[in-house]
Amino acid sequence: MESASIAADVAHDDDHHGPPAPNVSSRVEAQFLGMLLFIISEVMLFGAFFTAYFFIRVVNGDQWFPVHGDELPKLIAGFNTAVLISSSFTMHWALEGARNENRNAMRVGLLTTFLLGLTFLTVQVNEYVHLGFAPHDHAQGTIFYGLTGLHGAHVFVGLTLLSFATIRAFRGHFTPKEHRGVEVPGIYWHFVDVMWIFVYSTVYLL
Amino acid sequence: MLNPLGSEQEAFRFLVWVAVVVGVLTAIVLVVRAVS
Numbered sequence: 266m267e268s269a270s271i272a273a274d275v276a277h278d279d280d281h282h283g284p285p286a287p288n289v290s291s292r293v294e295a296q297f298l299g300m301l302l303f304i305i306s307e308v309m310l311f312g313a314f315f316t317a318y319f320f321i322r323v324v325n326g327d328q329w330f331p332v333h334g335d336e337l338p339k340l341i342a343g344f345n346t347a348v349l350i351s352s353s354f355t356m357h358w359a360l361e362g363a364r365n366e367n368r369n370a371m372r373v374g375l376l377t378t379f380l381l382g383l384t385f386l387t388v389q390v391n392e393y394v395h396l397g398f399a400p401h402d403h404a405q406g407t408i409f410y411g412l413t414g415l416h417g418a419h420v421f422v423g424l425t426l427l428s429f430a431t432i433r434a435f436r437g438h439f440t441p442k443e444h445r446g447v448e449v450p451g452i453y454w455h456f457v458d459v460m461w462i463f464v465y466s467t468v469y470l471l
Numbered sequence: 049m050l051n052p053l054g055s056e057q058e059a060f061r062f063l064v065w066v067a068v069v070v071g072v073l074t075a076i077v078l079v080v081r082a083v084s
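Chains as they are written, first to last, in the working numbering: chain Y, 266 to 471; chain B, 49 to 84.
Calculated from the structure, these hints are not laboratory results. Glycine included, every Cβ here is placed at the ideal spot set by N, Cα and C. A few of these clues could be false.
[Claimed, not checked] Pulled a few chain Y residues facing chain B out of the computed Cβ check, cut under 8 angstroms:
#	residue
1	GLN296
2	VAL348
3	ILE350
4	LEU360
5	GLY451
6	LEU471
[Stated by the list, open to error] In silico negatives: residues of chain B with every beta carbon more than 10 angstroms from chain Y:
#	residue
7	THR74
8	VAL79
9	ALA82
10	VAL83
Between the sequences and the hints, there should be enough to build the whole structure, so can you do that?
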């Protein structure tokens, strides 16, 4: 009887229909690989916008701001830079909280990161309102709004991911072993931060 | 080798490195532009 059952199992293996089981790499987890490929595509997207910036400044040798009396508010953007960099520290604090089973640190860290990101976006929208020039006024304006707007869209996406993570944290999700829902948005958030450092230093400072 | 996509911790350390390097480079460029 037992041998018949084993024979049936073997026959079942041979009878396997449908697609083969997907190959799973033992070296990189699917979530990180997905984020890696996504961020590589994002770097290319930002690269295209930076190409336009360097084209008019280096290839054309055009004047960068101030242009036609329009200036960029370096100080406000500098304040925004500090806000965004601080949010990376609070994000890291949240992850450490998740790792060490400190649920309060995780919740407060995520909520603070979200609020700092929201502050950044609000200040940027306010800056747009008061700038006094539009994207169609000159090429410099087009590139300024293009680069900072592209980045702002990324902050918005980051905030959406952070809101998911924050709500989940307050609903009791995430443990020291399983906290990928905090870690992967964290990597994205740090990427958005790194990009802003490049955008701020090239567009506002150089 | 630091892999910023390996974990949030590495991404955070990478961010700190980028901030420091960009800060130093920007400072050098601004000082050179101010002097010349």
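Against chain Y, does THR74/B keep a CB gap of more than 10 angstroms to every residue?
violated (5 angstroms)
Status of the VAL348/Y interface restraint (C-beta, 8 angstroms, chain B)
violated (14 angstroms)
Verify that the Cβ of VAL83/B lies farther than 10 angstroms from every Cβ atom of chain Y, and report whether the claim holds or is violated.
holds (16 angstroms)
At 10 angstroms, judged by beta carbons, does VAL79/B keep clear of chain Y as stated?
holds (12 angstroms)
Checking a non-interface call: every C-beta of chain Y should be farther than 10 angstroms from the C-beta of ALA82/B. Is that right?
holds (12 angstroms)
Holds or violated: is there a CB of chain B closer than 8 angstroms to the CB of LEU360/Y?
holds (5 angstroms)
Would the hint on LEU471/Y be counted as holding, given a Cβ-Cβ threshold of 8 angstroms to chain B?
holds (6 angstroms)
Hint validation: ILE350/Y versus chain B, beta carbon distance must be below 8 angstroms. Holds or violated?
holds (6 angstroms)
When the nearest CB of chain B is found for GLY451/Y, is that gap smaller than 8 angstroms?
holds (4 angstroms)
Using the nearest Cβ pair, does GLN296/Y come within less than 8 angstroms of chain B?
violated (10 angstroms)
Against the hints set out earlier in the document, violations occur for numbers 1, 2 and 7.
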